[in-house]
Amino acid sequence: MNRYFSLFFGPTREDLGRPDQILRILGYVLIVLVVLAFLGYLWVYGYYAYRLLLFPFDYDQGEGFELLDTLMLSRGEWPYRDSNVYPFYSSNYPPVFHLAIVPLVWIFGPQYWTGRLVATIGTMVTAAALSYGVYREQKERRWWLVLFAALAFFASNYVYHVGPLFRQHMFMVMFETLAVVLITVIVDREEASGKTNNRHLFWVMVLLLLAGYTKQLAYATVAAVFIFLFLRQVKRSIIWAIPFAAVTGLIFLGLNVATDGQWYITTVSANINEFIPGQAIGLFRQWFDLHLVLIVVSTAYAFYQLYFERLSAYSIWFVITAVNSVTAGKWGAGESYFATAVAASCLLTPLAFSRLLDWLNSRDFSWEKTLRTRLSTVAVVVMAPLLLHQAERVFHMPTHTPFLQSIARSLGKPTETFVAPQTSCSAPQPPEPIPYVDDAFVLVGRPPTDADIAAGKQIAAAILEGDTAAFSEEAGFNLYVGRDVVSNPTQLLNLYKAGEFDVTNMVQMLDEQAFDTIILRAQFYPGPVLDVIGQKYQTVELIEMNKFVYCIMTPIK
Amino acid sequence: MITKRMLGIGFAAVGLLAVIGLLAVDLVNAGDFQGIGPVQRLGLIGGAAVLVLGLTLIPLGNRPA
Chain A
1 MNRYFSLFFG
11 PTREDLGRPD
21 QILRILGYVL
31 IVLVVLAFLG
41 YLWVYGYYAY
51 RLLLFPFDYD
61 QGEGFELLDT
71 LMLSRGEWPY
81 RDSNVYPFYS
91 SNYPPVFHLA
101 IVPLVWIFGP
111 QYWTGRLVAT
121 IGTMVTAAAL
131 SYGVYREQKE
141 RRWWLVLFAA
151 LAFFASNYVY
161 HVGPLFRQHM
171 FMVMFETLAV
181 VLITVIVDRE
191 EASGKTNNRH
201 LFWVMVLLLL
211 AGYTKQLAYA
221 TVAAVFIFLF
231 LRQVKRSIIW
241 AIPFAAVTGL
251 IFLGLNVATD
261 GQWYITTVSA
271 NINEFIPGQA
281 IGLFRQWFDL
291 HLVLIVVSTA
301 YAFYQLYFER
311 LSAYSIWFVI
321 TAVNSVTAGK
331 WGAGESYFAT
341 AVAASCLLTP
351 LAFSRLLDWL
361 NSRDFSWEKT
371 LRTRLSTVAV
381 VVMAPLLLHQ
391 AERVFHMPTH
401 TPFLQSIARS
411 LGKPTETFVA
421 PQTSCSAPQP
431 PEPIPYVDDA
441 FVLVGRPPTD
451 ADIAAGKQIA
461 AAILEGDTAA
471 FSEEAGFNLY
481 VGRDVVSNPT
491 QLLNLYKAGE
501 FDVTNMVQML
511 DEQAFDTIIL
521 RAQFYPGPVL
531 DVIGQKYQTV
541 ELIEMNKFVY
551 CIMTPIK
Chain B
1001 MITKRMLGIG
1011 FAAVGLLAVI
1021 GLLAVDLVNA
1031 GDFQGIGPVQ
1041 RLGLIGGAAV
1051 LVLGLTLIPL
1061 GNRPA
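The listed protein sequences derive, respectively, from chains A and B. Under the numbering used here, the residue at position 437 of the first sequence is numbered 437, and the numbers go up by one with no gaps. For the numbering used here, count along the second sequence from 1 and bump the result up by 1000.
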């Protein structure tokens, strides 16, 4: 028994009395419950990822455009193009994520599962790095806290929603996490040995560069790493910041020259969007509500380090990325902007608990022999319910089988969610039940069904009734039938607002009814484009896929 | 190596600049609101918090940050 006890609580040599044994068993049971709860979320994540791998269309509107970027790069073409001419397409994201998928597209063609698989693997690497970050700082091994770091990351609603999608965001978080863990390892080793190792620091810079050229938002982590380095080694941080900035700038300039200036327009101008304070405040409240225990413990630990010891890279990372999450208030941004702060809190929370348990075990309490063990056990009995409470706050699971429904019911949760299908180009519809429950439901997270696949194929078939590519808000349908992908609505709207998109050519083609099919989902196109569509096309069919109603339109005769 | 005192001075300076800058917004009549707007108020609270945080760090002296 002591062997198993020490596995979770750390080594102990004292013989315990009966009350202590009961307390110990209670702690043991609570830890098992924590691990089981978070393993449950890992299963939920795995099931969602599996269903997405089977789904051949856009689950999230941006996925198809990322697939198109990958396809273009696989052909040696830049996705940073002039949006003013047919096919009116340009990408607003840097290329690293797409380049990582290019070999899979060469072998298997433009399949959604390629990017979803790479993104899921990226999330797994992040989780492993978080666990390693906790593992290496524990004086006494507590596997449940090591495991918690990874499992809590998978359990976050935000990570769950976005992690298995063909989106570059979690790939950026992977590079960010690897960079922060690596800089911690390097600086710790250097301080212990008294020798600097520039070769290792070089790899941190490479990881930061990859993060930034996966998604621009990584600048917050770049700042966190350099601030940490500045606090520890002022001169060295400046010496490394100069070449890092120079290389980043040179790559930027090179891409801009290679794309005739389109790189700047499509990745910078198109990303300076309107800031909506209400959106930012709402998302901050939701983030805090969902991740309460993680945030409170991480914040407390950061303050502890600020006043009583040295600031770690993890604390700086958490604070800076949490503050930077205010950018989630930009039009087009969302919950995923909190993913890096979530990762940092998944690392800091088990670290804080490990530190506390290590401290309790290391104290030389002279007034009672078994006090150390007793305090450690009491601490675990307090910590574990906090983590169980965290598990309860991020509650989400599919409920499409009687067994899953019975789990939800036994946990006091509803067995279905009532959601009205999202309409923009058709009449509103009443709410209907769906077999998925999520405390942060945002229309992603529900595993796609066979009915959704059939609906996607029905929409794609509508394109084949005409001779041209469809003018579609999503790329997936044209890709499925092997026709051109025309337009990227949110990107065009951003460029239009920035004065970088001239609608003349597009409006002329629509006015001439140059497209046999139009597929709308959210009507994100600029106003003049929607106006001409309304004048020259009519809705002939409404098809629901993933709880969105798609309007299939054909030319008015 | 940066000390707690240096970090505290840095925080205090940033907080003070933020507070002064946000108050100065009204002097030059920038912003959409008359008086102190909601975002400005949030910024002022944040700036003041950073200022106070910095001031509390200064007495911690030459301990490494």
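Keep in mind that the hints were calculated from the coordinates and are not lab data. From a predicted model like this one, the values you see are computed outputs, not experimental measurements. In this text, a Cβ means the ideal position worked out from N, Cα and C, and glycines have one as well. Don't take each hint at face value.
[As the list claims (entries may be wrong)] Chain B side only, calculated, beta carbon under 10 Å to chain A, not exhaustive:
| # | residue |
| --- | --- |
| 1 | Met1001 |
| 2 | Arg1005 |
| 3 | Gly1035 |
| 4 | Val1039 |
| 5 | Leu1042 |
| 6 | Ile1045 |
| 7 | Gly1047 |
| 8 | Leu1053 |
| 9 | Leu1055 |
[To be verified] Stretches of chain A that chain B covers, calculated by requiring three or more beta carbons in the stretch to come under 8 Å of a beta carbon on chain B:
| # | segment |
| --- | --- |
| 10 | 42-48 |
| 11 | 197-203 |
Right, here's what the structure says about each hint:
1. Below 10 Å, beta-carbon pairs count as interface contacts, and Met1001(B) has one with chain A at about 7 Å; its hint therefore holds.
2. Against a cut-off of 10 Å between C-beta atoms, the interface hint on Arg1005(B) is violated, since the closest Cβ of chain A lies about 13 Å away.
3. Hint status for Gly1035(B): violated, given a least beta-carbon distance of 17 Å to chain A, over 10 Å.
4. Proximity of Val1039(B) to chain A holds as hinted, the smallest CB-CB distance being about 6 Å (cut-off 10 Å).
5. This hint holds: Leu1042(B) has a C-beta 8 Å from the nearest C-beta of chain A, less than the 10 Å allowed.
6. Hint on Ile1045(B) is violated. Least Cβ distance to chain A is approximately 13 Å, over the 10 Å limit.
7. Interface restraint check for Gly1047(B): the shortest CB-CB distance to chain A comes to about 13 Å, outside 10 Å, so the restraint is violated.
8. Proximity of Leu1053(B) to chain A holds as hinted, the smallest CB-CB distance being about 8 Å (cut-off 10 Å).
9. About 13 Å separates the beta-carbon of Leu1055(B) from the nearest beta-carbon of chain A, more than 10 Å, and the hint is not met.
10. With 0 residues bearing a CB less than 8 Å from a CB of chain B, the segment 42-48 of chain A misses the requirement of three and the coverage assertion fails.
11. With 0 residues having a beta carbon nearer than 8 Å to a beta carbon of chain B, the segment 197-203 of chain A misses the requirement of three or more and the stated coverage is violated.
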